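Asks: The primary structure of each chain is shown beneath.
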Amino acid sequence: AQSVTQPDIHITVSEGASLELRCNYSYGATPYLFWYVQSPGQGLQLLLKYFSGDTLVQGIKGFEAEFKRSQSSFNLRKPSVHWSDAAEYFCAVTTNTNAGKSTFGDGTTLTVKP
Amino acid sequence: DVKVTQSSRYLVKRTGEKVFLECVQDMDHENMFWYRQDPGLGLRLIYFSYDVKMKEKGDIPEGYSVSREKKERFSLILESASTNQTSMYLCASSLYGTENTEAFFGQGTRLTVV
Numbered sequence: 001a002q003s004v005t006q007p008d009i010h011i012t013v014s015e016g017a018s019l020e021l022r023c024n025y026s027y028g029a030t031p032y033l034f035w036y037v038q039s040p041g042q043g044l045q046l047l048l049k050y051f052s053g054d055t056l057v058q059g060i061k062g063f064e065a066e067f068k069r070s071q072s073s074f075n076l077r078k079p080s081v082h083w084s085d086a087a088e089y090f091c092a093v094t095t096n097t098n099a100g101k102s103t104f105g106d107g108t109t110l111t112v113k114p
Numbered sequence: 115d116v117k118v119t120q121s122s123r124y125l126v127k128r129t130g131e132k133v134f135l136e137c138v139q140d141m142d143h144e145n146m147f148w149y150r151q152d153p154g155l156g157l158r159l160i161y162f163s164y165d166v167k168m169k170e171k172g173d174i175p176e177g178y179s180v181s182r183e184k185k186e187r188f189s190l191i192l193e194s195a196s197t198n199q200t201s202m203y204l205c206a207s208s209l210y211g212t213e214n215t216e217a218f219f220g221q222g223t224r225l226t227v228v
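If you read the sequences in order, they're chains A and B.
Note that my numbering gives residue 87 to position 87 of the first sequence, counting from 1, and the numbers run on in steps of one.
Note that my numbering gives residue 183 to position 69 of the second sequence, counting from 1, and the numbers run on in steps of one.
Bear in mind the hints are in silico, worked out from the structure with no lab data behind them.
Hints may contain errors.
Computed list of lysine-lysine pairs in BS3-like fashion (alpha-carbon distance at most 25 Å, straight line) [what the hints assert, rightly or not]:
id	chain 1	residue 1	chain 2	residue 2
1	B	Lys167	A	Lys101
2	A	Lys101	B	Lys117
3	A	Lys101	B	Lys184
4	A	Lys61	A	Lys113
5	B	Lys171	A	Lys101
6	B	Lys184	B	Lys171
Which residues of chain B face chain A? A few of them, derived with a C-beta cut under 7 Å, are [stated by the list, open to error]:
id	residue
7	Gly156
8	Leu157
9	Phe162
10	Leu204
11	Thr215
12	Glu216
13	Phe219
14	Gly220
15	Gln221
16	Gly222
Treat the numbers as computed from the prediction; the structure is a model and nothing was measured.
Even for Gly, the Cβ is constructed at its ideal location relative to N, Cα and C.
Chain B on its own, in the form it takes in the complex:
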């Protein structure tokens, strides 16, 4: 059973802080993703990675960076948190291929920046 674990369910950070959101998956998936979810806007892709040390920008990468030093771990970094980054953050992973492309999601991290 695939498991994607996000290190925190809830976080409260101050404006200007550097924030790390951690995600670990245990099924040896190549792909990992970070999404941001806001009411009425669905899921928007921030960054994704299809291999260790590889990353590609998604639709809304501004203000974020990522790190993937190991296959199972994908970190999202807010270099200087701002109030407009208050949101639900979802990590996901999937196999790379044509038949098994469904994504498996973590439970989400609700980040509040004050």
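Isolated chain A, as found in the complex:
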């Protein structure tokens, strides 16, 4: 069965600092990978996705993620964090069979210090 691990439950960074959120997946075939963001009291919004091709993908709000098959990782990065980036971030994986049924990580909560 596929699984997703986000090792960091909570991360705190200073505004303007760089950010990396880790995501590791377990799946035998080629995964389709996603990062979502959830602001307090809201639903999830897609930040970016990887299906194939270039392993470095760009998303909204200045985020990017890199797919590394050898490490089974899909880490999310941002060069300079803004206070508005404070939220919870979820990594998710799905398959090419029953498309759309994703498995989510437990989430990483990002706090941004002024």
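Since the structure of chain A is provided, determine the placement of chain B on it from the hints.
Replies: Frame of chain A, contents of chain B only:
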């Protein structure tokens, strides 16, 4: 622009009540999902549906049922609400296919069972 609408943002129900959570999407998506979100546990899939009148159990279906009589509407039913069903419930929809499998989420329903 895809829109997934959940009928209530907040609900308070009594133990033993039958509770209906409604979700409507306006983009003709085949797939619809109900997730439950609890702190530290990420998103857990309750039920999903890939077509009208079709449903499949997710990871935690106990105590829940669903109904999909029309393509755009997916209802989650708590037959007899219990306090351990107090949670945030998220509805999502997606296209069925290999390339467009990202999920679009509603804003969530925070249910409290007293």
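Asks: Tell me the numbers of any earlier hints that the structure contravenes, in ascending order.
Replies: No numbers; nothing is violated.
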